[in-house]
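K.L.:
Spelled out, the chains give:
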Amino acid sequence: MSDLFSKFDPLIQQREALLSTGVTDPFSLVMERVISPTVAVCNGRETILLGTYNYMGMTFDPDVIAAGKQALEDFGAGTTGSRVLNGTYAGHRAVEDALKEFYGMDHAMVFSTGYQANLGIISTIAGKGDYIVLDIDSHASIWDGCKMGDAEVVPFRHNDIEAMEKRLKRIPEGAGKLVVLEGVYSMLGDIAPLREMIAVAKANGAMVLVDEAHSMGFIGPNGRGVAEEQGVLDQVDFVIGTFSKSVGTVGGFCVSNHPKFEIMRLVCRPYVFTASLPPSVVATAATSIRKLMHGEAKRAHLWENSRTLHKGLKDLGFQLGTDEPQSAIISVIMPDLERGAAMWEALLHEGLYVNLARPPATPAGMTLLRCSLCAEHSAEQVQTIIGRFDRAGRIAGIL
Amino acid sequence: MDRAATADRIAALIAPFNKKGVEISDASTFAGDFEFDSLTVMDFVAAIEDEFDIIISMNQQAEIETYGQLVDAVVKLKG
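As given, the protein sequences belong to chains A and B, one line each in that order. Numbering that gives the first Met the number 0 numbers the first residue of the first sequence as 0 and each following residue consecutively. Numbering that gives the first Met the number 0 numbers the first residue of the second sequence as 0 and each following residue consecutively.
Please keep in mind that the hints were generated in silico from the structure rather than gathered at the bench. Honestly, I wouldn't trust all of these hints.
Quick list of in silico lysine to any residue cross-link-like pairs, SDA-like style, CA-CA up to 20 Å [claimed, not checked]: (1) 18(B) - 32(B); (2) 68(A) - 92(A); (3) 6(A) - 31(B); (4) 146(A) - 56(B); (5) 168(A) - 54(B); (6) 146(A) - 54(B); (7) 259(A) - 123(A); (8) 165(A) - 56(B); (9) 165(A) - 60(B); (10) 18(B) - 364(A); (11) 127(A) - 57(B); (12) 165(A) - 45(B); (13) 6(A) - 35(B); (14) 165(A) - 48(B); (15) 127(A) - 76(B); (16) 165(A) - 51(B); (17) 146(A) - 37(B); (18) 127(A) - 143(A); (19) 168(A) - 157(A); (20) 127(A) - 60(B); (21) 75(B) - 128(A); (22) 290(A) - 302(A); (23) 99(A) - 257(A); (24) 146(A) - 60(B); (25) 18(B) - 40(B); (26) 146(A) - 59(B); (27) 310(A) - 389(A); (28) 146(A) - 61(B); (29) 168(A) - 78(B); (30) 146(A) - 55(B).
Please read all numbers here as calculations on a predicted model, not as lab measurements.
Build the full structure now, drawing on both the sequences and the hints.
P.N.:
Structure (structure tokens):
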């Protein structure tokens, strides 16, 4: 009998080699208590959270918590069913209404996770004989959606408008075309030139899907994302988003103005063949989304935090993923996995949690320490964070 | 298109990606012999696509493991 697990041997060996150096396993951290959107107790130590995607700090918002508790009382712990059977409650309609209002779009469809939203929409709308043209740095959920459908998959170099255009022009006459882009690319925290890219996509007869998971709530005048910021949201056929970042709970969605969009509820398998979100989750999401419509002050503070941290780390001498802060993600590039893990551990000892990101999740085989800021980080916390980076950088031999 | 002429053009294109100086034959594999990672594959495929003005989708790439299969695929795509 051949062991089906032998394909994982290289990864098992790499992990063992890394852990044998005595470094804490970065992928088995447990948060024992969560005190606020920005502070938790990890391994008995009070730790500033700088790797949560909790951009707008909605996880502990009193109105959000109250709505969740009320829904739990009124509707129970779960729906035990699919949206198309017994799984559509008043709360599911309410959160879809909140999304339609938030984005100013005609249709909204909620999935159980953001991953399933990409998986479901992409695999369903791009079928056999269609072409998907996508950025090589796309999120795993986008790639998996491509793989699950039967469309021809054509990637292009990250944010390369000309490479995208060349590929679109070579697609056979009459074939359906879907261009898949992201507003913010979460590994380096850089944004896409959506205005130019969407113009090229439209000129070549393609429909456009934009994943705005990492921009919702704080990029764009109404927090609708990078497409709104660049004035092209009306050109986007499908916006994919998530409740697990700025909204502060879990779930995914697609909003669209496509006149036939509602048919998705019957043909999209990752929507049909899974249980719907629990009532408490959709109630917290709806409350949070409606509050995000009026989040101007928080947005401004989040941008201030992003600029301060970017400058602080740059001045210390760290190599960053972007020259200027483009989002709430500041990515610190590590020389290699070993020193990245050492730096991650040194930061944890200082009381700072960031994400250690490594291949294959990262572009070009990079090891990254990814920081995601929160609107609830105080100016003092950001200064503390910079100080901890300074000390940990010296301990780990990065600086 | 003539297979030999196509093979010559591809041989010229692969040179800058063949950092280990692997001797090329129809049986050479991209993953095993050339040790291409995913980013190199994308750049190499893009170079081929631009040279011949074709699309080699990832679905098609999955069927191409050797240098000879690539030449055959390009000949077929050019028609």
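K.L.:
Output the numbers, in ascending order, of every earlier hint that fails for this structure.
P.N.:
none
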